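Numbers given in the working numbering equal positions in the sequence shown, counted from 1, plus 4.
By construction, these hints were calculated from the structure, which means they are not laboratory data.
Hints may be right or wrong, so weigh each one.
What the hints assert, rightly or not - For lysine-lysine, the following DSS-like pairs were computed, each having C-alpha atoms within a straight-line distance of at most 27 Å:
id	residue 1	residue 2
1	175	241
2	219	342
3	343	416
Unchecked claim - Using C-beta positions, here's what the derived DEER-type ranges look like:
id	residue 1	residue 2	range
4	86	336	46 to 52 Å
5	101	130	25 to 31 Å
6	422	276	51 to 57 Å
7	188	268	32 to 38 Å
8	176	246	33 to 39 Å
Predicted, not measured: the structure shown is a model, and the values here were computed from it.
Every residue, glycine too, gets a C-beta built ideally from N, C-alpha and C.
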Amino acid sequence: MNARRALTLVEVVLATVVVGVMMAGALATVSASQRASRAQADQALAQLLAQDLLDEIMALPYADASDTAVISGPALTEVATGNRSLFNDVNDYNGWSEAPPRRRDGTGIAGADNLSRRVGVDFLTPNAWTTPSVTDQGVARITVSVMRGGGTIATAVGIRTSGPPATQACKLANNACADLTPARCAELGGTAQGAGTRCWTLRDEAPAILVAHWKFEDLLPVTALDSAGLHVATLLKGPTFVARGGHWGNALKLDGSNDHGLVSHAADLSLTRKFTLTAWVYADAFVANTYQYVLNKGTTVGGNQNYYLGVFGSNVMVGFYDGAYRDVIDTATKLKTKKWTHIAATVDIDAGVARIFIDGQPTYSGTITGTIPANTENLYLGRSEWTNDYWKGRLDDIRIYDGIVSDADIHKINNGQL
5 MNARRALTLV EVVLATVVVG VMMAGALATV SASQRASRAQ ADQALAQLLA
55 QDLLDEIMAL PYADASDTAV ISGPALTEVA TGNRSLFNDV NDYNGWSEAP
105 PRRRDGTGIA GADNLSRRVG VDFLTPNAWT TPSVTDQGVA RITVSVMRGG
155 GTIATAVGIR TSGPPATQAC KLANNACADL TPARCAELGG TAQGAGTRCW
205 TLRDEAPAIL VAHWKFEDLL PVTALDSAGL HVATLLKGPT FVARGGHWGN
255 ALKLDGSNDH GLVSHAADLS LTRKFTLTAW VYADAFVANT YQYVLNKGTT
305 VGGNQNYYLG VFGSNVMVGF YDGAYRDVID TATKLKTKKW THIAATVDID
355 AGVARIFIDG QPTYSGTITG TIPANTENLY LGRSEWTNDY WKGRLDDIRI
405 YDGIVSDADI HKINNGQL
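Please model the entire structure based on the sequences and the hints provided.
Rendered as structure tokens:
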């Protein structure tokens with residue numbers, strides 16, 4: 005006699021409803037986490053956008069010397085280009101807005117498509133700068149606001165007077181840069197870069213954008229969620245989650261034989277100019293002259309290996325393949341086995357520089373050449389594009405940034421503050 009009882013229709017319906025509710029709850033949690041991460045990234049970028057534009061405005065003269073009176077807002081000839089490249093004094097910016105934010109010459113800014121900026125220039129009363137003035141008395145308050153979805157998420161405010169002449173970026177003979185008046189720049193034999201330029205502004209270096217972040221805290225049976233986006237990693241050949249301890253939570257354990265994660269290609273994972281890769285690593289063993297990969301995007305077939313991070317022996321390496329391997333290896337610093345270590349690497353192909361960080365501190369900086377190839381290949385966690393080079397040990401908190409993360413922020417990531 006068969007003792008197993010068939011499910012009734014009611015039981016099937018109830019089970020389906022329960023599973024549906026559980027799935028809806030899980031998806032809602034993931035969606036909320038993704039929205040929170042995106043909001044944090046928008047907030048950080050918005051503050052930089054506000055401060056950068058304020059710096060640009062503050063560097064300009066208070067008013068156009070050719071005007072007999074201060075004109076609030078740009079002249080028609082100054083807006084003819086469709087950007088602000090011809091704005092030449094503070095008051096040209098009054099009432100100006102743009103969506104999305106762009107550089108002074110009209111070129112785009114990565115990651116800013118869902119934001120907008122506007123500027124207000126208000127006359128103030130001398131010696132009472134909190135008191136508005138109907139007419140110009142040589143003092144103005146500049147307010148730069150950055151909005152998302154109609155709400156202001158960042159503001160930068162500055163006070164400008166009709167006092168000393170404004171400075172601008174000056175390139176000196178030794179290739180140094182200083183913010184000087186054009187007259188002083190000429191005295192030192194430098195080349196003034198034009199009104200509104202600064203030696204360091206967002207126009208030259210946009211902030212790094214976190215495009216993927218695997219924390220391994222979701223403990224799903226065959227996937228690892230991406231807290232920064234939608235790059236779900238499928239876990240193949242049986243990697244497991246293990247407790248790491250303390251506030252670090254869990255990590256991914258890999259057997260070094262065939263365990264790995266597979267992430268499908270997405271456009272924002274194909275990085276061809278500047279990128280930052282970071283991870284916490286724990287190796288059971290290192291073998292001389294042997295590779296172990298933390299992550300790898302693309303294949304060497306056709307010269308399109310986008311980027312990779314790992315170790316050669318016990319030395320951290322980062323690089324890409326464009327028909328030749330463009331490895332940078334920190335040969336001076338050896339990692340220890342069975343010890344958690346934070347590793348990070350930045351590659352700036354425009355500047356031709358790659359840097360490596362160990363436990364939040366820079367340990368190597370060197371030249372890197374070539375052309376980082378775009379590709380539509382998969383990304384691997386814990387292995388290379390070959391069916392080997394597997395990581396034996398544990399990995400945690402793997403991040404991919406589009407752009408260069410600052411030394412200070414890499415230090416914060418190492419300390420669990422970011």
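Consistency of the hints with the structure:
no. : hint                   : result
1   : 175 to 241             : violated, 56 Å
2   : 219 to 342             : holds, 20 Å
3   : 343 to 416             : holds, 20 Å
4   : 86 to 336: 46 to 52 Å  : holds, 51 Å
5   : 101 to 130: 25 to 31 Å : holds, 28 Å
6   : 422 to 276: 51 to 57 Å : violated, 25 Å
7   : 188 to 268: 32 to 38 Å : violated, 55 Å
8   : 176 to 246: 33 to 39 Å : violated, 55 Å
Comparing the model with each numbered hint stated earlier shows that hints 1, 6, 7, 8 do not hold.
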